[in-house]
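Full structure from sequences and hints, please.
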Amino acid sequence: MVLGLAVALGLNGCFTERRNEGAQLYASHCANCHGEQGQGLKRLIPPVAASDYVAQHRADLPCLIRKGMRGVVVVNGVEYNQVMPGHDDLTDSQIANLLNFVQQNWGNKNQAYTIHEASELLGHCNGSDGQ
Amino acid sequence: MNIPFLRSVGHLLLCMVVIASAGLTLPGCTQKPTQETHLPYLGEPELVASTAGAAPDTVPYTVPSFTLTNQDRQTITNQTFAGKVYVTDFFFATCPSICPKMQSELLRVYEQFKGNPNVLFLSHTIDPAHDSIPVLRDYAERLGIKDASRWHFATAPHDTIFALARAYMTAAQVDKGVVGGYAHSGTFALIDSHRRIRGLYDGMEKTEVDRLIKELPELLKEEANARATAAK
Chain A
1 MVLGLAVALG
11 LNGCFTERRN
21 EGAQLYASHC
31 ANCHGEQGQG
41 LKRLIPPVAA
51 SDYVAQHRAD
61 LPCLIRKGMR
71 GVVVVNGVEY
81 NQVMPGHDDL
91 TDSQIANLLN
101 FVQQNWGNKN
111 QAYTIHEASE
121 LLGHCNGSDG
131 Q
Chain B
1 MNIPFLRSVG
11 HLLLCMVVIA
21 SAGLTLPGCT
31 QKPTQETHLP
41 YLGEPELVAS
51 TAGAAPDTVP
61 YTVPSFTLTN
71 QDRQTITNQT
81 FAGKVYVTDF
91 FFATCPSICP
101 KMQSELLRVY
111 EQFKGNPNVL
121 FLSHTIDPAH
131 DSIPVLRDYA
141 ERLGIKDASR
151 WHFATAPHDT
161 IFALARAYMT
171 AAQVDKGVVG
181 GYAHSGTFAL
191 IDSHRRIRGL
201 YDGMEKTEVD
211 RLIKELPELL
221 KEEANARATA
231 AK
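Chains A and B, in that order, give the protein sequences. Each residue of the first sequence is one higher than the last, beginning at 1 in my numbering. Each residue of the second sequence is one higher than the last, beginning at 1 in my numbering.
No lab work stands behind these hints: they were computed from the structure. Be careful, since some hints might not be right.
Said to hold, decoys possible - For lysine-lysine, the following BS3-like pairs were computed, each having C-alpha atoms within a straight-line distance of at most 27 Å:
id: 1; chain 1: A; residue 1: LYS42; chain 2: B; residue 2: LYS114
id: 2; chain 1: B; residue 1: LYS114; chain 2: B; residue 2: LYS206
id: 3; chain 1: A; residue 1: LYS42; chain 2: B; residue 2: LYS221
id: 4; chain 1: B; residue 1: LYS114; chain 2: B; residue 2: LYS146
id: 5; chain 1: B; residue 1: LYS84; chain 2: B; residue 2: LYS114
id: 6; chain 1: A; residue 1: LYS42; chain 2: B; residue 2: LYS214
id: 7; chain 1: B; residue 1: LYS221; chain 2: B; residue 2: LYS232
id: 8; chain 1: B; residue 1: LYS146; chain 2: B; residue 2: LYS214
id: 9; chain 1: B; residue 1: LYS232; chain 2: A; residue 2: LYS42
id: 10; chain 1: B; residue 1: LYS114; chain 2: B; residue 2: LYS221
id: 11; chain 1: B; residue 1: LYS221; chain 2: B; residue 2: LYS84
id: 12; chain 1: B; residue 1: LYS84; chain 2: B; residue 2: LYS146
Below you can see the structure in the form of structure tokens.
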């Protein structure tokens, strides 16, 4: 376990900080609610792992991260109703990296976003900071 | 009405109160090593005058009397927990920062002890204005808790709740790393059948919650021994 961690840390050193930004942002901004493995929490918090919502709302997700959401949402056939906070503290590129991490992990295999595309989609909710 | 602002103020107040109480009570946290492995009595001991002019005795700190309402709209008091041990925390249903993590950790404890009717759970909402009884019931059901008599999700007037948070030595604190500038650091308190606080655990730390899962049976054993002794 400790050895594995050391190896993992060693390997991480091969990449730039930016390489793991999505995973790091997920851990610091999302994991408390959506779970360390994206599993969600019972019927309180929807999963982002293997999530039909993540696949079907690809174009809406940047604004969802930026502005948050409230009200009923159905994910994988289960109804959830919680408040999700918005994130003015993330740049467009951070949102792109965060979403790319989610879109390509834990059973999600969806198209990645370029930073340009993320900024464009964020423009739909006046949420682009151009960075 | 600027509700988020009021909420932050509430959190700040709770934070200050908790810091103040921590300062007062921490010295009391390291006492009473006895022969057997024995969980400590936390909190400032009380002085009790003894008869015939002898030196006063000290008795362990106990949590005060309370009256709350749970998700089934039933009144719950200290008497509800008579003869039981319980784990308590403070949360609110729309908490976007740490509550889901906290409550999922408390759920882990619940799953371990749900077969034991001598272990109860009590979650207080610190947002009674929003968390009405139906909201609490919905929250509990969504978390998978169908039996309110095992895990109470309770509300009371705001001041009552905040006084209790102080009494249980559970904390809320400002966290600059969190959007909105605050997060409460969700502490779990373990209370014995005599209202004494026997453990405090950081509900955000898996290792701390593991410690609770390990120490809870020690308390149950102590309680069982005490009952056996009393029955003799």
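For each hint, the structure was consulted:
Pair hint LYS42(A) plus LYS114(B) holds up; C-alpha atoms about 17 Å apart against a cutoff of 27 Å. Of the supplied pair hints, the one linking LYS114(B) and LYS206(B) holds, its CA atoms being roughly 19 Å apart against a limit of 27 Å. Between LYS42(A) and LYS221(B) the alpha-carbon distance is near 32 Å, which puts this suggested pair outside the 27 Å criterion. Proposed proximity of LYS114(B) and LYS146(B) is supported: the alpha carbons are some 12 Å apart, at most 27 Å.
With a CA separation close to 13 Å, the supplied pair LYS84(B) and LYS114(B) stays within the 27 Å bound. Between LYS42(A) and LYS214(B), the direct Cα distance comes to roughly 25 Å. Compliance with the 27 Å bound is thereby established for this hinted pair. Distance hint between LYS221(B) and LYS232(B) is fulfilled; the C-alpha atoms sit about 17 Å from each other, no more than 27 Å. With a C-alpha separation of about 25 Å, the suggested pairing of LYS146(B) with LYS214(B) holds against the 27 Å cut-off.
Straight-line distance between C-alpha atoms of LYS232(B) and LYS42(A) comes to about 46 Å, which puts the hinted pair past the 27 Å bound. A C-alpha spacing of about 17 Å is found between LYS114(B) and LYS221(B), which places the hinted pair at or below 27 Å, so the restraint holds. Of the pairs offered as hints, the one joining LYS221(B) and LYS84(B) holds, with about 12 Å between alpha carbons and a cut-off of 27 Å not exceeded. Proximity of LYS84(B) to LYS146(B) is assessed by CA-CA distance (about 20 Å); at most 27 Å being required, the pair is judged to hold.
In summary, the numbered hints that this structure violates are 3 and 9.
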